[in-house]
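Novice: Protein chains in written order, with our numbering: chain A, 1 to 62; chain B, 63 to 550.
Treat the hints as calculated values from the structure; they're not laboratory data. Computed from a prediction, not measured in an experiment: that's the story for all the values here. One or more hints might be untrue.
Stated by the list, open to error - With the Cβ distance kept under 7 Å, some of the chain A side facing chain B (calculated, not the full set):
id, residue
1, R9
2, H29
3, D57
Stated by the list, open to error - A few chain A positions that, by computed beta-carbon distances, are all more than 10 Å from chain B:
id, residue
4, M1
5, S4
6, D23
Note that beta-carbon positions come from the ideal geometry of N, C-alpha and C, so glycine has one too.
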Amino acid sequence: MDLSPEHVRAFARTLGLDLTGDDLAEVTHRLNGLLDALGPLGELPLDSVEPVPWTPDPEGLR
Amino acid sequence: MDARSRGPPVSASIADDLAFQSAAQLAALVRDKHLSPVELVRLYLDRIDYLDGRLRAYITVCGDRALEAARRAETAVMRGEPLGPLHGVPFAVKDQFDVRGLPTTMGSRILEHAEAMDDATVVARLTAAGGILLGKLNLTEFALGGTVQFPFGQPRNPWNLDHDPGGSSAGSGIAVAAALCAVALGEDTGGSVRSPAAFCGTVGLRPTWGRISRAGCFPLSWSMDAAGPLSRTVEDSALLLGLMAGRDPRDRLTSQRAVPDYRAGLDGEVRGLTVGVIRELTSGEDTDPEMRQPVLEAAQLLDKRGAHVEEISLPLLPHAGAVFMALADSDGAGLHLGWLRRRPGDYDQGTRRRLLTGALLPAAARHQAELARALIRAQVLAALERHQVLLCPTSPRPAPPIAQTAAPITSKAEVAARFFTRRSYTTPASLAGVPALAVPGGFSASGLPLSVQVIGRPFDEATILQVGHAWERATDWHRRRPELRGAR
Numbered sequence: 001m002d003l004s005p006e007h008v009r010a011f012a013r014t015l016g017l018d019l020t021g022d023d024l025a026e027v028t029h030r031l032n033g034l035l036d037a038l039g040p041l042g043e044l045p046l047d048s049v050e051p052v053p054w055t056p057d058p059e060g061l062r
Numbered sequence: 063m064d065a066r067s068r069g070p071p072v073s074a075s076i077a078d079d080l081a082f083q084s085a086a087q088l089a090a091l092v093r094d095k096h097l098s099p100v101e102l103v104r105l106y107l108d109r110i111d112y113l114d115g116r117l118r119a120y121i122t123v124c125g126d127r128a129l130e131a132a133r134r135a136e137t138a139v140m141r142g143e144p145l146g147p148l149h150g151v152p153f154a155v156k157d158q159f160d161v162r163g164l165p166t167t168m169g170s171r172i173l174e175h176a177e178a179m180d181d182a183t184v185v186a187r188l189t190a191a192g193g194i195l196l197g198k199l200n201l202t203e204f205a206l207g208g209t210v211q212f213p214f215g216q217p218r219n220p221w222n223l224d225h226d227p228g229g230s231s232a233g234s235g236i237a238v239a240a241a242l243c244a245v246a247l248g249e250d251t252g253g254s255v256r257s258p259a260a261f262c263g264t265v266g267l268r269p270t271w272g273r274i275s276r277a278g279c280f281p282l283s284w285s286m287d288a289a290g291p292l293s294r295t296v297e298d299s300a301l302l303l304g305l306m307a308g309r310d311p312r313d314r315l316t317s318q319r320a321v322p323d324y325r326a327g328l329d330g331e332v333r334g335l336t337v338g339v340i341r342e343l344t345s346g347e348d349t350d351p352e353m354r355q356p357v358l359e360a361a362q363l364l365d366k367r368g369a370h371v372e373e374i375s376l377p378l379l380p381h382a383g384a385v386f387m388a389l390a391d392s393d394g395a396g397l398h399l400g401w402l403r404r405r406p407g408d409y410d411q412g413t414r415r416r417l418l419t420g421a422l423l424p425a426a427a428r429h430q431a432e433l434a435r436a437l438i439r440a441q442v443l444a445a446l447e448r449h450q451v452l453l454c455p456t457s458p459r460p461a462p463p464i465a466q467t468a469a470p471i472t473s474k475a476e477v478a479a480r481f482f483t484r485r486s487y488t489t490p491a492s493l494a495g496v497p498a499l500a501v502p503g504g505f506s507a508s509g510l511p512l513s514v515q516v517i518g519r520p521f522d523e524a525t526i527l528q529v530g531h532a533w534e535r536a537t538d539w540h541r542r543r544p545e546l547r548g549a550r
């Protein structure tokens, strides 16, 4: 289910952000688009991922 | 190569010839007393004066300061003093890097007067090597991409002024392609060096995360930000990488690994190299056939020269663009939250809407993106265990018209096409923390640059530079110059 502009405005208020007019309409589209794109990630084997920090050079860092 | 456009003709003016020389060639001319650093700085300042009113590569030009440095450089040459590898060579930096006494605007009115107290480490290192800073370069606001109204002027692609120069290091790509400096510095979080390099027809290098200091560089996403050079030749990128890389006490995340002589290693030898051509990004339906062609030609060339080339599948990579935006944009939103509350009207509308979206992303979705990043990284690193380099296009298509990139978003369906698909070509290297090089790959039928991307193992910039150099030697794309019609 898509977020409505009213949902987005309410979320924004919890962060102290005031969304109105064209900003509200476009941010709603952007947020729904991003959530749609992230949706299929739920089908990946994310449970197998160990949530550990990673760097290309763990020994090379102080 | 014959099937594609031959590209615009090469200009013949002597001043142009000098301006378009590589940094390595210019340094040699200065060192051998064939070229005065003062004349060279004047040449670039004249070109900026003549061309940049339309191209808008620069935000700040420090002409007096550059001429003063050039006079000192000339005196050092005449006195026979020891000279650095970049002695007398004019360079410019994205206005994301601090230069003492100048504002670091980040392409935003919010920081228009934010004067830096010290040089970024990379600026200090290039200056210590003899480089002369010409000025600070335009960028999409706060290095995010998607700026609609550029506060310091609309940057334009030198190959066609109606087209996007790429971002976020837009000015760096323009300045190198139009010879408004010898070399430039950009910053690449999700492709911000490689995209302008691809759209403007230059070389662009994103080094391994942690290879180059970010001290004095305004951040976007701490786990992906990486400074990198844009240049007209692969040799120049190797030269700059060698000068900038290495441990910096001011950036705790720089690696202590020794820095090789990247330039000395460029001998064109690729025999025995293992190369994987990424199917999803090269042959997928999102990739314009014109962008695919130079990648296939590069693969053929490497095969002929004795490399072992095969097509490989990395099925998670098409998710990379969305995963990247979930992470980088929410990182950015965290940095900007105070200004978003207090000064929302001082942002460009494209920047503001992108940051607001990042701010409102649910934590669970961000967490899922973090886990997906780990899977993407594992897939890239596993491929790089089997192959020393991976090839794919730097972008799915050539530079789009500026009007297309500035249009408002009117549906959620537009979001994927506008933002995620193209980012899936550059963000796999960013998410994995590995180095990647964009090298010129010819021109589209409409005369816009094409680009080949070479991705390498962590800290093995030497091999991707070697591959890029071999391709560059077999082609003449890097010698083409934009006619700059409409800019003069």
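Novice: The structure should be examined with respect to each hint, and the outcome stated for every one.
Specialist: Results of checking the hints against the structure:
1. Look at A:R9: its Cβ only gets to about 10 Å from chain B, farther than 7 Å, so that hint breaks.
2. Given the 7 Å rule on beta carbons, the hint for A:H29 holds: about 5 Å separates it from the nearest Cβ of chain B.
3. Hint on A:D57 holds. Least Cβ distance to chain B is approximately 4 Å, under the 7 Å limit.
4. For A:M1, the requirement that its beta carbon stay farther than 10 Å from each beta carbon of chain B is met, with the minimum near 12 Å.
5. Residue-level check passed: A:S4 sits 12 Å from the nearest beta carbon of chain B, beyond 10 Å.
6. With a closest Cβ-Cβ approach of about 6 Å to chain B, A:D23 is found to fall inside the 10 Å limit, against its non-interface label.
Violated hints, listed in ascending order, are 1, 6; each of the other numbered hints is respected by the structure.
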